[in-house]
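**Student:** Listed here are the chains, written in short residue letters.
Number of protein chains: 2
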Amino acid sequence: MPSPEAISQTVNRYLDLVAKGATDDIVALYAPDATLEDPIGSDLRRGHDSIREFYAGFQDLKKDTELAEIRPAGAEPAFLWHLTLDAGDTRTRISPISVMTFDEDAKITSMRAFWSPSDVKVG
Amino acid sequence: MPSPEAISQTVNRYLDLVAKGATDDIVALYAPDATLEDPIGSDLRRGHDSIREFYAGFQDLKKDTELAEIRPAGAEPAFLWHLTLDAGDTRTRISPISVMTFDEDAKITSMRAFWSPSDVKVG
Numbered sequence: 001m002p003s004p005e006a007i008s009q010t011v012n013r014y015l016d017l018v019a020k021g022a023t024d025d026i027v028a029l030y031a032p033d034a035t036l037e038d039p040i041g042s043d044l045r046r047g048h049d050s051i052r053e054f055y056a057g058f059q060d061l062k063k064d065t066e067l068a069e070i071r072p073a074g075a076e077p078a079f080l081w082h083l084t085l086d087a088g089d090t091r092t093r094i095s096p097i098s099v100m101t102f103d104e105d106a107k108i109t110s111m112r113a114f115w116s117p118s119d120v121k122v123g
Numbered sequence: 001m002p003s004p005e006a007i008s009q010t011v012n013r014y015l016d017l018v019a020k021g022a023t024d025d026i027v028a029l030y031a032p033d034a035t036l037e038d039p040i041g042s043d044l045r046r047g048h049d050s051i052r053e054f055y056a057g058f059q060d061l062k063k064d065t066e067l068a069e070i071r072p073a074g075a076e077p078a079f080l081w082h083l084t085l086d087a088g089d090t091r092t093r094i095s096p097i098s099v100m101t102f103d104e105d106a107k108i109t110s111m112r113a114f115w116s117p118s119d120v121k122v123g
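As they're listed, the protein sequences go chains B and W.
For the first sequence, position 16 matches number 16 in UniProt numbering, and the numbering has no gaps at all.
For the second sequence, position 108 matches number 108 in UniProt numbering, and the numbering has no gaps at all.
Calculated directly from the structure, the hints in this document are not laboratory data.
Here the structure is a predicted model, which means the values were calculated and not measured.
Be aware that one or more of the hints could be misleading.
Covered by chain W, according to a simulated footprint, are these stretches of chain B (three or more residues, beta-carbon under 8 Å) [unchecked claim]:
id : stretch
1  : 15-22
2  : 75-82
Short derived list, chain W residues pointing at chain B, Cβ under 7 Å [what the hints assert, rightly or not]:
id : residue
3  : E76
4  : A78
5  : M111
6  : W115
Note that beta-carbon positions come from the ideal geometry of N, C-alpha and C, so glycine has one too.
Please take these sequences and the hints and turn them into a complete structure.
**Tutor:** The structure is reproduced here in structure tokens:
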């Protein structure tokens with residue numbers, strides 16, 4: 001099992017990369033056969049190609065992320081975080097609760113993001 | 001699938017009962033073959049008897065609960081909440097992120113609480 005420190009580092013790196021990073025660097029945090037469900041209830045994505053497609057879709061948006069709360073329980077942390085999308089005159093904020101699982105190399109094996117359209121704030 | 005309102009009601013009733021309710025009333029929110037993992041990484045409990053044993057262990061403590069954030073995504077909400085245990089001169093606060101799943105009758109089919117000893121604050 002990866003150390004809590006390794007998991008915490010990966011979560012923080014994930015949020016940094018979602019804000020400012022390249023899609024391929026995000027994908028590299030995932031194990032090859034990892035799954036992604038974002039938001040919860042949407043079709044499950046599996047594998048690097050499908051995961052890359054997901055992140056590439058919003059790579060060019062100006063955005064920021066902030067970690068609010070994290071519960072690093074063994075290899076399966078849950079964390080509340082904020083994603084702010086800045087489209088010039090409108091800012092959109094989503095605050096998902098995400099749950100990740102990890103393999104022994106601290107690669108993400110699954111990511112599930114709990115949020116729904118009613119959690120999106122535009123201002 | 002139960003309505004978001006029914007799920008939200010059950011989550012709120014769950015927190016009310018954890019604070020002030022009877023163990024049997026909490027257990028009644030669960031489906032008969034439901035599972036409970038609290039905290040994450042502990043042995044999985046399955047079924048009403050095992051679930052009752054869990055809640056009975058702290059029924060007599062003076063305590064309060066507060067819902068901080070909830071992401072009601074379909075039949076699987078994630079929520080951050082606060083549990084305050086009042087032992088007279090010491091107050092202990094735990095703020096888990098919990099994830100529940102529900103059946104068609106809005107009974108809880110699984111509950112997983114993400115927290116670890118390092119999240120417990122004594123003051």
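**Student:** Please go over all the hints and tell whether each is borne out by the structure.
**Tutor:** Here's how the hints hold up against the structure:
Coverage of the stretch 15-22 of chain B by chain W is violated in this model, with 0 residues showing a Cβ closer than 8 Å to a Cβ of that chain against a need of three. With 5 residues bearing a CB less than 8 Å from a CB of chain W, the stretch 75-82 of chain B meets the requirement of three and the coverage assertion stands. For E76(W), the suggested interface contact is upheld, since its CB lies about 6 Å from the closest CB of chain B, less than 7 Å. Given hint, A78(W) at the interface with chain B, holds; its Cβ is 4 Å from that chain's nearest Cβ, closer than 7 Å.
At about 13 Å, the closest approach between the beta carbon of M111(W) and any beta carbon in chain B exceeds 7 Å, and the interface hint on this residue is violated. At a threshold of 7 Å, the smallest CB-CB gap from W115(W) to chain B is about 5 Å, leaving the interface hint in force.
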